[in-house]
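Visitor: Going by the working numbering, the letters in the sequence shown line up with residues 56 to 243, in that order.
These are computed hints drawn from the structure, not numbers from a lab.
Bear in mind the structure is a predicted one, so any value in this text is a computation, not a measurement.
Beta carbons: idealized from backbone N, C-alpha and C, even for Gly.
Some hints could be false.
To be verified - Distance ranges between label pairs, derived from CB positions: (1) Gln194 with Asn217: 16 to 24 angstroms; (2) Asp221 with His102: 36 to 44 angstroms; (3) Ser119 with Ile197: 21 to 29 angstroms; (4) Gly77 with Ala108: 26 to 34 angstroms.
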Amino acid sequence: MEQQKSYPERKSPRAKWHNYNGGEYFVTICTQNREHFFGEIINGEMHLSEIGAWADEQLRNISSHYPYAEMPLWVVMPNHIHTIVIIDGTQTPVRTMCTSSLRGNESVNKRMQTISYKRGLLSTTIGGLKRAVTRFANQNNIPFAWQTRFHDHIVRNQNEMNHIADYIENNVAQWGADVFGNNQPPCL
Numbered sequence: 056m057e058q059q060k061s062y063p064e065r066k067s068p069r070a071k072w073h074n075y076n077g078g079e080y081f082v083t084i085c086t087q088n089r090e091h092f093f094g095e096i097i098n099g100e101m102h103l104s105e106i107g108a109w110a111d112e113q114l115r116n117i118s119s120h121y122p123y124a125e126m127p128l129w130v131v132m133p134n135h136i137h138t139i140v141i142i143d144g145t146q147t148p149v150r151t152m153c154t155s156s157l158r159g160n161e162s163v164n165k166r167m168q169t170i171s172y173k174r175g176l177l178s179t180t181i182g183g184l185k186r187a188v189t190r191f192a193n194q195n196n197i198p199f200a201w202q203t204r205f206h207d208h209i210v211r212n213q214n215e216m217n218h219i220a221d222y223i224e225n226n227v228a229q230w231g232a233d234v235f236g237n238n239q240p241p242c243l
């Protein structure tokens, strides 16, 4: 009899008191090892690579794929993306069954379905964005990889939102002081 593979439970970095199916978030998504896949900043301007331009387009059109999600502001940097994500929790998305590429493996299918239903709408949206960019890279033979997970901050008030918006809008100009540009601790 074939032995079942045991997967360890990963500790979630998400707030246990929040379900992520509604709200406003400041999200940072990093590339693996903070490699400059998305382009370079030259003379204070971000010059997007082919994959950086694709990521920017996906951010611009996120609501067409996830009608409950809006990204009113974002910046694509050489090795990460910052965005504000607004999730409208009153809209009920259509959840599709998650199936494994290993046809006939019921235990894997059940596990994947369980994970899918536990995920909040924020994780679903960011996961979809990451998949779309990765798929584009693979289809176009562009070397690319994301760092696992992403960092989110629940925006609690208008003052915080204004501070975050200023940070995003000035991120390219502040690149020299940016923690992601100066080999500081990696993204989550």
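Visitor: With reference to the structure, classify each hint as holding or not holding.
Guide: A quick look at each hint next to the structure:
1. Gln194 with Asn217: 16 to 24 angstroms: violated, 39 angstroms
2. Asp221 with His102: 36 to 44 angstroms: This hint is violated: roughly 23 angstroms between Cβ atoms.
3. Ser119 with Ile197: 21 to 29 angstroms: Roughly 23 angstroms apart at Cβ, these two residues keep to the hinted range, so it holds.
4. Gly77 with Ala108: 26 to 34 angstroms: Distance hint for Gly77, Ala108 holds at roughly 31 angstroms.
In this structure, the earlier hints numbered 1, 2 are contradicted, and the remaining ones agree with it.
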